[in-house]
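> Since the structure of chain R is provided, determine the placement of chain A on it from the hints.
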Amino acid sequence: MKRLFTAPTRIAFIFALTLLLLPATHAATSKSVSSAAAEESIRLGFYAGARREWSRDDVRGTFDLWALELAKKFQVPVQIIHYDDTVEMRQDFLAGKIDGISADAITLVRQYKLEDLAEGYATIMKGGWNLMLFSSKASGVNNLADLAGKRIVLLEEDQAGELYLETLCLRHHQRPCREVFSDIQRVSTSNQALMRVFFGKADLAQVYGYGHDVAVEMNPQLGQSIRKLTEFPLRSLFFAFYSTRVDAALRQRTVRIMRTLHTYPRGRQLLDIFKIDRLDIAYPTELQPVIELEREYQRLRSQIERKDRRR
Amino acid sequence: MTPPWLSIRLLPANRMFFRVFGVFGSLLLAMTILYGLLIIPLQRDSLLKVLYSQATTVSRSIIQASSDAMLTDDFGFVVEHNLQVLQNNKSIQSVLIVPRRGSALSISTSGWEMLKTTEAPINPADYDIESYDIVDAPEGGTRYRYITPIRFSGVSWGVMRIDFDTSEYEANINEMYQQIAYISLFTLLAILPIGYFFALWLTRPIATISQAASRVASGELDTHVEIKRNDEIGDLSHSFNQMVQALAENRRKLENVNLDLEIKVTERTQALDELNRTLDQRVRDEISKRKEQEQLLIHQSRLAAMGEMIGAIAHQWRQPLNALSLVLQNIHMQYRTGQLTEESMRTMQEKAQQLIQRMSQTIDEFRNFFQPGKHAETFNLQHAIQAAADILEGMFKNHNIELRIDCPADIQLYGVPGEFSQVILNLLGNARDAVLSANQPQPTIRIHVKSMGAQVCIDVEDNGTGIDANIMHKIYEPYFTTKEEGKGTGIGLYMTKMIIENNMHGHLAASSLEQGARIRIMLPISTEAVSAA
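Protein sequences, first through last, are from chains R and A. Terminal number for the first sequence in the working numbering: 342, no gaps in between. Terminal number for the second sequence in the working numbering: 627, no gaps in between.
One or more of the hints may lead you astray.
Said to hold, decoys possible - Beta-carbon label-pair distances, calculated as ranges:
no., chain 1, residue 1, chain 2, residue 2, range
1, A, S204, R, I215, 30 to 38 Å
2, A, E207, R, R290, 34 to 42 Å
3, R, E248, A, N217, 26 to 34 Å
4, A, N182, R, I215, 24 to 32 Å
5, A, A265, R, R209, 50 to 58 Å
6, A, I277, R, E248, 15 to 23 Å
7, R, P320, A, A265, 48 to 56 Å
8, R, D308, A, N182, 37 to 45 Å
9, R, D177, A, N217, 42 to 50 Å
10, R, D308, A, T150, 37 to 45 Å
11, R, Q255, A, T150, 33 to 41 Å
12, R, Q255, A, E224, 33 to 41 Å
13, R, E248, A, N182, 14 to 22 Å
As the list claims (entries may be wrong) - Not close to chain A: a few residues of chain R, all C-beta gaps over 12 Å, as computed:
no., residue
14, Q110
15, K144
16, A179
17, K181
18, E188
19, C208
20, D214
21, R227
22, P251
23, Q252
24, T291
25, H293
26, P296
Since the hints were made in silico from the structure, they are not lab data. Computed from a predicted model, the values in this text were never measured in an experiment. Every residue gets a Cβ at the ideal spot worked out from N, C-alpha and C, and that includes glycine.
Bound-form chain R, shown alone:
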């Protein structure tokens, strides 16, 4: 499958669109809310991601078209603010210049305090967002102790995957991954990663659950040739949260409409563009597993650094 957008960017994109859509959808369903929303202005921050291979002008155009269409139809002023730097977006968020943010879980965990964030939305994929580590049955890797000297394939721009794998390396081999594996390759999709294992170009692949399901569905032979070594549970990797400064009633109303996005054609069309199954309500506390993973990684890394200094 051709991927126009990398996974993090795609998810951020859909979130920004969703937030853009919500007030208008809300206005369409309730006259009282519509009048209230019409009095407010929603400004959304969108982090385009590190990759630059796709045109920012195209993204802006898509958002502007949706914003213009929905604003005219529902009379809700909406403003999209694009950021190339997450620090700048965080500063504007803290300064109250934007009312909501869209980013991946690692960015949110590392740059925002949970108490500053209110309810928002998570991307839900069929097959889930669990991080999985697979090995080729022909590679002789049967558990995490066998990773040393093996070739592994990772997803590009996958901070969560990098964090989890580094944590595993530190946990089981007390060394960073670059010292554990003989070769670390990076591909853009889970399917590509698993195919490299299937065709013997790599011994291991770390992918997300939905990617694994799609790859096995495409070729059952692939599922028979690999073995799952470990799995990290994640409900979603990408979230969008309102600021706690946004009116709670507005947040709750948009949340209810948000959950039904996949049930009507306009919303379905939006989700299909980015191959997203549906959106669901999410709370900042759902970032807690990632926070703990980050803490474990920091702790293990500190231990290893201390040991290295002792040596």
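Positioned in the frame of chain R, the structure of chain A alone reads:
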């Protein structure tokens, strides 16, 4: 009361209308179907060319993009790329890549799998030759299958087979069928009103003229056709009206002629009635006239015979008259010289008396020959012929004409001897004139008689001028003669034929010989006469 629109006849009751309507409609429909039959194969070929072009483009694109991966056995990239191609090109159903070594890859929109090369449905020839065809799909329907060798720098790496969805192709074909069906249906629907008005426009004036012609045929000559058109039908209408007017005029003339004719017929009928009433009298008068004419002819014939007789007498008398003149001269000479004696006077008187007696005998002979006997009797043929010859003997000798008679002595005929003698005399006279006209050095006339059972054949032949074939049919007509003015009456042969055929129940026919002519007479022999003889 019937409304006016109900009186309009939607379907004209003439056969020509239906024929024109049928031919026009059939022709239009046939042309439409023919157009469809011709255009379908062309369109199908065109669509197949489009599929072929698409197949070659896709295959080249895949091979070019995957060449490095194929050479380095990076099949993951090959699968991923082909999945992207399948994702972006919905018309491709599957791609099968079979390398010469290793496993084959079967990639479709629903997934992909790895096959053993031996399981791949590829023929050995596919490694070398490009091919394409419409094949049946296992799930039903058809596919456009394109197979192309994969080569890098002239080295055969493997083969690629791409199956394209033909639903668009079939949809185009079906759409084309539908369009042709719609066009045919439209044509059929259009034929009804257009063909109706066309056939009506074409046949109505003809039908009008036809109906008018029928009325004219039934005698309505006051019929007039009102068709105002500037074409042949308008001319026909105009000509028809003129023709009907002329016909009416001719009819009036014919009626007048008939009336005149009827009057004339009445008059002629009356005249015929009158004629019928006087017919018997007319017939009797005519018969009487004919008898008078015959009598006249006979009389003329007798006069002619008399002339002949006088001529003959003149010839007979010429020699004794000369002798008598010499006797008288001798008497005168002897008297003047004193030599006249009684004895010499008595001798010359006896001699003169003998000459006068001989001349008197000649007159008696002629008188007996031409004795006008009216009663038929049996007579000897040889005697009758010889008597006639004797009469003309002097004349023949005078002209040095040889007469040969070959006749049996015992043949008896029954008839009027004078008439038969006139027959022989006429034939000998004609023969004499013919031989004299021919200036023959040896003029000859031959009478040959032979008995032929109950009949006798008498041939009178001469070596004269003969009879011209152009006048053969005229020689028996009365007053027809080839002789000079004043020398022939033209009734001799006519009377001769009448005597032979009417009075003696025989037959006379003339014919030409190589030199001269022949008159043949066939007569019945009298048995009574034989016994009497």
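> Each hint needs a verdict: does it hold in this structure or not?
Hint-by-hint comparison with the structure:
no., hint, in the structure
1, S204(A) <-> I215(R): 30 to 38 Å, "holds (32 Å)"
2, E207(A) <-> R290(R): 34 to 42 Å, "holds (38 Å)"
3, E248(R) <-> N217(A): 26 to 34 Å, "holds (32 Å)"
4, N182(A) <-> I215(R): 24 to 32 Å, "holds (30 Å)"
5, A265(A) <-> R209(R): 50 to 58 Å, "holds (56 Å)"
6, I277(A) <-> E248(R): 15 to 23 Å, "violated (47 Å)"
7, P320(R) <-> A265(A): 48 to 56 Å, "holds (52 Å)"
8, D308(R) <-> N182(A): 37 to 45 Å, "violated (22 Å)"
9, D177(R) <-> N217(A): 42 to 50 Å, "holds (45 Å)"
10, D308(R) <-> T150(A): 37 to 45 Å, "holds (38 Å)"
11, Q255(R) <-> T150(A): 33 to 41 Å, "holds (36 Å)"
12, Q255(R) <-> E224(A): 33 to 41 Å, "holds (36 Å)"
13, E248(R) <-> N182(A): 14 to 22 Å, "holds (20 Å)"
14, Q110, "holds (34 Å)"
15, K144, "holds (41 Å)"
16, A179, "holds (24 Å)"
17, K181, "holds (17 Å)"
18, E188, "holds (18 Å)"
19, C208, "holds (22 Å)"
20, D214, "holds (15 Å)"
21, R227, "violated (5 Å)"
22, P251, "violated (8 Å)"
23, Q252, "violated (6 Å)"
24, T291, "holds (29 Å)"
25, H293, "holds (22 Å)"
26, P296, "holds (21 Å)"
In this structure, the earlier hints numbered 6, 8, 21, 22, 23 are contradicted, and the remaining ones agree with it.
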